[in-house]
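Undergrad: Starting from the known structure of chain A, fit chain B with the ligands onto it as the hints suggest.
Each protein sequence line maps, in turn, to chains A and B. Counting in this note's numbering, the first sequence runs from 1 upward without gaps. Counting in this note's numbering, the second sequence runs from 1 upward without gaps.
Think of the hints as simulated: they come from the structure by calculation, not from any bench. Because the structure is a prediction, the values reported are computed rather than measured. Mixed in with the good hints there might be a few duds.
Derived list of chain B stretches under chain A, where covered just means 3 residues or more per stretch with a C-beta under 8 angstroms from a C-beta of chain A [what the hints assert, rightly or not]:
| # | region |
| --- | --- |
| 1 | 131–140 |
| 2 | 148–157 |
Label pairs and their computed distance ranges (CB to CB) [unchecked claim]:
| # | chain 1 | residue 1 | chain 2 | residue 2 | range |
| --- | --- | --- | --- | --- | --- |
| 3 | B | Pro-260 | A | Glu-51 | 44 to 52 angstroms |
| 4 | B | Pro-260 | A | Val-27 | 42 to 50 angstroms |
| 5 | B | Ala-219 | A | Arg-154 | 54 to 62 angstroms |
Beyond 10 angstroms from chain A on every Cβ pair, some chain B residues (computed) [claimed, not checked]:
| # | residue |
| --- | --- |
| 6 | Asp-11 |
| 7 | Pro-18 |
| 8 | Gly-73 |
| 9 | Leu-90 |
The beta-carbon is built from N, C-alpha and C at its ideal position, and this holds for glycine as well.
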Amino acid sequence: MPVTERPKPSLVPEYCKGCGRCVSVCVKGCIAFDDEINPATGVVPVVIDLEKCNGCGLCIEACPEPYGLRALDQGEDYELQDPAKLYGARLSEAPEPEDIPAQRIPLPACQPLVIKGNYAAALGALLAGCRHVYGYPITPSTEGAELMSKLLPRLDGVFLQAVSEVATVNHMYGTGGAGLPCLTFTSSPGFSLMLEGISYMAGAEVPAVFINIMRGGPGLGNIAPEQSDIKLACRGLGHGNTHAICLTPSTPQEMLDLTILAFELSFKYRHPVILLADGYLGQMTGKVQLPDHMTKPGIPKWAVYGDLAHRKNLINSIYLDEHDLERHNEYLCGKYEAMQAEARAETFLCEDAELIVVACNTPARAAKGAVQELRHQGLKAGLFRPLTVWPFPVEQLKAHLGPGRRLLVVEASAGQLEDELRLALSHAGLPVPPVAHVRRMGGMLPQQDQIVAAATAILA
Amino acid sequence: MSATLEYQAKDYKSELKPIWCPGCGDYSVVQGIYRALAAIGRPPHEIAFISGIGCSSRIPGYTTAYGFNTVHGRALPIAQGIKMANPDLLVLAAGGDGDGFSIGGGHLAHLVRRNMDITYIVMDNQIYGLTKGQLSPTSQKGRQTCTSRFGSLEEPVNPLLYMLAYGAHFVAQACPTDLAGMAAIIEEAIRFPGFAFVNIQSPCVTYGEEAQQMKGLKAIQESLKALGHDPADRLAAMDLAQQYGTKMHLGVFYRNPEPPATYEQLVRERQAEQMKNAAPRERILDLFIKK
Ligand SMILES: Cc1ncc(C[n+]2csc(CCOP(=O)(O)OP(=O)(O)O)c2C)c(N)n1
Ligand code: SF4
Ligand SMILES: [Mg+2]
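In isolation and in its complexed conformation, chain A is listed as follows (with noise of 0.2 angstroms):
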């Protein structure tokens, strides 16, 4: 018979020598110090007054003898009663939730259209299903919600102008654990806020598209684009064992096909996904084609919808007992392992390159311009474009080095990307070949005469 209860102590004289750690945790006061010799012992023991106690045990747990205070009675092996034994089952009719899935919609043909990167992205995120968008203004980024707030009324949608960034992450843990496409724009001082936020989603498991349209830092610095938040989001998102998917566009075309991509993976793994655009990229005009079909949203069996169908879910990221949150990181490092597999690049002309240009976003504009400009010249050279940084496609990266072949890594940064390939390399036990590098930052770009000055003075 299971006792229901929780224990109260009992003092067993012989073995108490009177220190008093029990004294000092009792938050009830129900034990004290005594002044009578204990006369088989010789020592004075406390005395226990039960009548205030409510079982809390810390006397116990304090009492440093093993048979100084036990549980009363009941030894130690007692058991609370769980209410669903002592009164059966809850009331409930909830089903066991079930995936509700997305619906393929077919989109007519239609012509290219020119437009802004960030309103590619914009258009990439309403085609991927999100009706849900949230966001502080900030430059170069507030295009997107501005268009978000004229379309999504008319959309069945829903734009909220947060009151700053922390608010934004909250209102998407809000609706991202609802099981819900979000996103949001912001750029770089703006995403710093937000990584609180996305640690919590990363530990409970709460998928969101952050589009960063990063900006020269630190600090204010200035609304110029810069590659200056990859450290941040491949090794820095908020406290805790977290990682995710960082998307690299360098077109408008790829701001809306990574974006749409960016919604499926953030779903695929339940876990928040960034596309790191730069600040000229969000401004760049450029022509985009339209995918042939949207996507409308179902809702998964994991989400807490706050219907009845959900009702058996729990969408959280604490986890106080260090074996489970132990297990919990184990299960998450699990999914950043799985994540590898999302890695991917685009390559041109690095078959037999003794030179790979590594670039990314709007940097990676002028390295395919130099690398052309290198062929004519009879150099050989290649573009190795990571589309993820994290996690960086070193896989794809390996099939063009070898002996003879070296690196030049080209950012907007003080080395953030170069930082990524090394470490990727490492991880991945290869030899880190001779790497050079052209930075540039502040807000300045590097320009293709300086990646071909700084190719020609290693390859010829």
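TA: Same frame as chain A, but now just chain B with the ligands:
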């Protein structure tokens, strides 16, 4: 040394040329601040002027005070850090309605209840100026902006009522429509011993609405003095503050006639008390190690 010098408004004006749009209300606000500072006469190096981010937050740069153009929404926590580092400074904080009531809104109540001697000036233009015209927390319900295409669905905040309800001991409102009055209010706010809040209706000529330009504001302005309002009457102040958005009352809504001790005074008292029998600095470890 400072007593021998007579400072004039021009001594608080920096060499920097403001890059606000021509006609922006903030030009008048900085003039009002020059005048108030001249009337008080503290040398510029004894003044710290802290702002957040926004058009209005450029203002410290246009003065000769120690200026700190900080982080969006964080002027007040930074100002408090500065005041704690050097309580003798005259600490001014300023910024926009978005900076102060949206992203930084959570800091207001806590500076009010902490009551440091900081003067906070908000240039309330009901819009996000710097980021080019988005909805602000003081924008009227229904207001159409580039992030509220079909009109805002939210009630605006009422900064005056908020501050009064938080328990601020000095709450006032001013407007460039009355520059001399504005300078006098800023001066009074700075002289007030404790946290003082001045909301300034400062029109944004580029993204602001017609009704919130000088002409429109003039039409709804009303002097609290002329109304016979007693600034010691907090409840009457709250009554009048309710009309924020429809009427523009200028003057002091509330000034606590018996201002309580400021946080820095209390800190000094606490330190004096605790330091009475303190061991010399070399024996710092005595605090941790029981003999
Ligand atoms: C964390 C962060 N988010 C967003 C911004 C972009 N931003 C700069 S100023 C501003 C609002 C400006 O409005 P307001 O405070 O009313 O000042 P005004 O320009 O109207 O004087 C915003 C959203 C930023 N600098 N930092
Ligand atoms: S945008 Fe508005 S607030 Fe900013 S400087 Fe111009 S008028 Fe002033
Ligand atoms: Mg404003």
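Undergrad: Just double-check B/Leu-90 for me: nearest Cβ-Cβ distance to chain A has to come out over 10 angstroms.
TA: holds, 25 angstroms
Undergrad: Taking 8 angstroms as the C-beta cutoff, is the stated coverage of the region 131–140 of chain B by chain A satisfied by three or more residues?
TA: holds (count 5)
Undergrad: Is 44 to 52 angstroms a correct range for the gap between the Cβ atoms of B/Pro-260 and A/Glu-51?
TA: Roughly 45 angstroms apart at Cβ, these two residues keep to the hinted range, so it holds.
Undergrad: Given a hint of 42 to 50 angstroms, does the C-beta separation of B/Pro-260 and A/Val-27 actually sit inside it?
TA: With a Cβ separation near 36 angstroms, B/Pro-260 and A/Val-27 fall outside 42 to 50 angstroms, so the hint is violated.
Undergrad: Far enough from chain A: is every CB of that chain over 10 angstroms from the CB of B/Asp-11?
TA: holds, 29 angstroms
Undergrad: Three or more residues of the region 148–157 of chain B near chain A by CB distance under 8 angstroms?
TA: holds (count 3)
Undergrad: Looking at B/Gly-73 again, its CB stays over 10 angstroms from all of chain A?
TA: Its Cβ does come within 10 angstroms of chain A, the nearest being 6 angstroms, so this is violated.
Undergrad: Mind verifying the non-interface call on B/Pro-18? Its CB should be farther than 10 angstroms from each CB in chain A.
TA: holds, 18 angstroms
Undergrad: Note whether the CB distance of B/Ala-219 and A/Arg-154 lies within 54 to 62 angstroms or breaks it.
TA: violated, 36 angstroms
Hints 4, 5, 8 from the earlier list are contradicted by this structure; the remaining hints agree with it.
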